[in-house]
Amino acid sequence: MEKTIIPIGPYHPLQEEPEFFLLTVEGEKVVDIDVHIGYNHRGIEKLSETKTFDQSTFLIERICGICSTSHPFAYTRAVEDIIPIEVPERAKYIRTIIAEGERIHSHLLWLGLAGHFLGYNTVYMWAWKLREEILDVMEILTGNRNNYAMFKPGGVRRDIKSEDIPVVIKKIDSIVSTLEMLKKAVIDDPVLHARTKGIGILSKEDAINYCALGPTARASGVARDLRKDSPYGAYDKVEWDMIVTHNGDVFDKVVVRVLETFESIKIIKNCLLNLPGGEIDANIKDIPPGEGIGFIEAPRGECFHYVKSDGTNRPVRHKVRAPTFMNLPTYKATVIGEDISDATIILAAIDPCYCCTERMTVCNTKRKKIYNGKDLIKLSREKTEILRNKMGVK
Amino acid sequence: MTREEVLDDLRKKFKDDIIEVFDKSPKRVYVEIRPDSIVQVASYIFKDLKARFNTASGVDLRYHMEILYHFLIEDINLLISLRVKLQKQKLEIDSLSPIFEGSSWIEREIHEILGINFRGHKDLRKLLLPDDWPEGVYPLRRDYKEWDKNVIRDRGV
Numbered sequence: 000m001e002k003t004i005i006p007i008g009p010y011h012p013l014q015e016e017p018e019f020f021l022l023t024v025e026g027e028k029v030v031d032i033d034v035h036i037g038y039n040h041r042g043i044e045k046l047s048e049t050k051t052f053d054q055s056t057f058l059i060e061r062i063c064g065i066c067s068t069s070h071p072f073a074y075t076r077a078v079e080d081i082i083p084i085e086v087p088e089r090a091k092y093i094r095t096i097i098a099e100g101e102r103i104h105s106h107l108l109w110l111g112l113a114g115h116f117l118g119y120n121t122v123y124m125w126a127w128k129l130r131e132e133i134l135d136v137m138e139i140l141t142g143n144r145n146n147y148a149m150f151k152p153g154g155v156r157r158d159i160k161s162e163d164i165p166v167v168i169k170k171i172d173s174i175v176s177t178l179e180m181l182k183k184a185v186i187d188d189p190v191l192h193a194r195t196k197g198i199g200i201l202s203k204e205d206a207i208n209y210c211a212l213g214p215t216a217r218a219s220g221v222a223r224d225l226r227k228d229s230p231y232g233a234y235d236k237v238e239w240d241m242i243v244t245h246n247g248d249v250f251d252k253v254v255v256r257v258l259e260t261f262e263s264i265k266i267i268k269n270c271l272l273n274l275p276g277g278e279i280d281a282n283i284k285d286i287p288p289g290e291g292i293g294f295i296e297a298p299r300g301e302c303f304h305y306v307k308s309d310g311t312n313r314p315v316r317h318k319v320r321a322p323t324f325m326n327l328p329t330y331k332a333t334v335i336g337e338d339i340s341d342a343t344i345i346l347a348a349i350d351p352c353y354c355c356t357e358r359m360t361v362c363n364t365k366r367k368k369i370y371n372g373k374d375l376i377k378l379s380r381e382k383t384e385i386l387r388n389k390m391g392v393k
Numbered sequence: 000m001t002r003e004e005v006l007d008d009l010r011k012k013f014k015d016d017i018i019e020v021f022d023k024s025p026k027r028v029y030v031e032i033r034p035d036s037i038v039q040v041a042s043y044i045f046k047d048l049k050a051r052f053n054t055a056s057g058v059d060l061r062y063h064m065e066i067l068y069h070f071l072i073e074d075i076n077l078l079i080s081l082r083v084k085l086q087k088q089k090l091e092i093d094s095l096s097p098i099f100e101g102s103s104w105i106e107r108e109i110h111e112i113l114g115i116n117f118r119g120h121k122d123l124r125k126l127l128l129p130d131d132w133p134e135g136v137y138p139l140r141r142d143y144k145e146w147d148k149n150v151i152r153d154r155g156v
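Going down the list, the protein sequences come from chains A and B.
Position 91 of the first sequence, counted from 1, bears residue number 90 in numbering that gives the first Met the number 0, the numbering being contiguous throughout.
Position 143 of the second sequence, counted from 1, bears residue number 142 in numbering that gives the first Met the number 0, the numbering being contiguous throughout.
These are calculated hints, taken from the structure and not from any lab test.
Mixed in with the good hints, there may be bad ones.
Below, computed lysine-lysine pairings styled on PhoX-like, alpha-carbon distance capped at 20 angstroms [stated by the list, open to error]:
#: 1; chain 1: A; residue 1: K182; chain 2: A; residue 2: K236
#: 2; chain 1: A; residue 1: K128; chain 2: A; residue 2: K160
#: 3; chain 1: A; residue 1: K227; chain 2: B; residue 2: K49
#: 4; chain 1: A; residue 1: K331; chain 2: B; residue 2: K121
#: 5; chain 1: A; residue 1: K50; chain 2: B; residue 2: K14
#: 6; chain 1: B; residue 1: K89; chain 2: A; residue 2: K236
#: 7; chain 1: A; residue 1: K183; chain 2: A; residue 2: K128
#: 8; chain 1: B; residue 1: K49; chain 2: A; residue 2: K203
#: 9; chain 1: A; residue 1: K227; chain 2: B; residue 2: K26
Remember, predicted model here, so these are calculated numbers, not experimental data.
Using the sequences provided together with the hints, build the complete structure.
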């Protein structure tokens, strides 16, 4: 059969993380995939070696706009591991609150975009409207809607004012009912079931073999969450459940993320209500020579930082490993053998920077026909429409 | 298995392979091993101890290069970092990618930024650096010098 090469990427003005996918298809079936990354390689690890330990916190906050808490969180934990030092109780709670706020807005952002690609623009609008509320909460707590600049080695930079706490709790409570409605609309929708169930399955063995992380692994039945396995912050002091599903398809990844949002709300509320008093900063003076490792559960999985110090005020080596680095190679296990119209949502299901799906281009080498990203999303939406008509759902 | 059993087990099983065990804290252990034994030790930790491979990090030190392979055993919350020291004349080590897929990308990354060769890796293409990056220039080495002063202007940044 005639083989077609489909290049996807690497640049689109809407995207922050360019990636390039080369899909080889036979007819409608994907037979091979190759991923190229590095189009946005900014040399931050090298740059970090020229900054002091305090300055690095701001630098790595800018690795990603959506995970702007995960990287500083992992980095500060790595620096604290060198000394080693425990941060004050109150700082731990504040860190947890900020990290969970980030998880909620990141998961909602993903849910909205997933709906958009499947032709469910109502889900898109609702999810992003809710996300806006969370960003408002973050603004009340930190002063910023994104890039919160709350973290420093040894504690946090700003305190949470006690008069803000009731306002925030009221705002969070108001989100829950809308989120409940959104959850029902997404999880009980028959067309979405038909569209996402049994598609892009990542088996448990593959998840372990590829060392997949976060919701991608938990949807495949790997019951691992650093917040439970290696508790940090205040996660061992408040009650919450780990969400694990077992099918590993796109639908399960949606379910894990939606349900995790509820758990995050629970954690934030618990932390705010039980916020202990006291210092927020351990006032680190010197970093001794040595090595430190910090890892935390970011919205997309484990974020890993390794810092080596030689006793000066700058790191000798700073290694950053973002969760998508481990999750991206799982495409080899999930996309091959699937329809090209499903490729968009499978590539999106691990929650990479979303962009990838937006800048798809399909070119058929024989017939010289070129599709662009819009056409591929259209293809994906048409499939939903056909299913919808077939099932008689309006 | 508890933490102590795991460490005793490692010490006994790989008596000749382990050079030094540095027990840093209850959650962190650094084990220095001979470069030739990396495949046996790593596959034992990954397969038998059911650890997850976090990542590997390479660093160029004055007299040698060092790779740290980080493995997290979640059941006992212990991070084992296997330390491997490579002589600068012979920057070669066996690849872990035949054992588990998860190490494939990070080995490609270390290969291009530090110039360490991974024997047995099927696909050592460039991962992060641009395609026009010259051969033999490794950005994270100590002797790295900016090879193209116009690089920023030319890219139109």
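Tell me, in ascending order, the numbers of any earlier hints that this structure violates.
The structure conflicts with hints 1, 2, 5 and 6, although it agrees with all the remaining ones.
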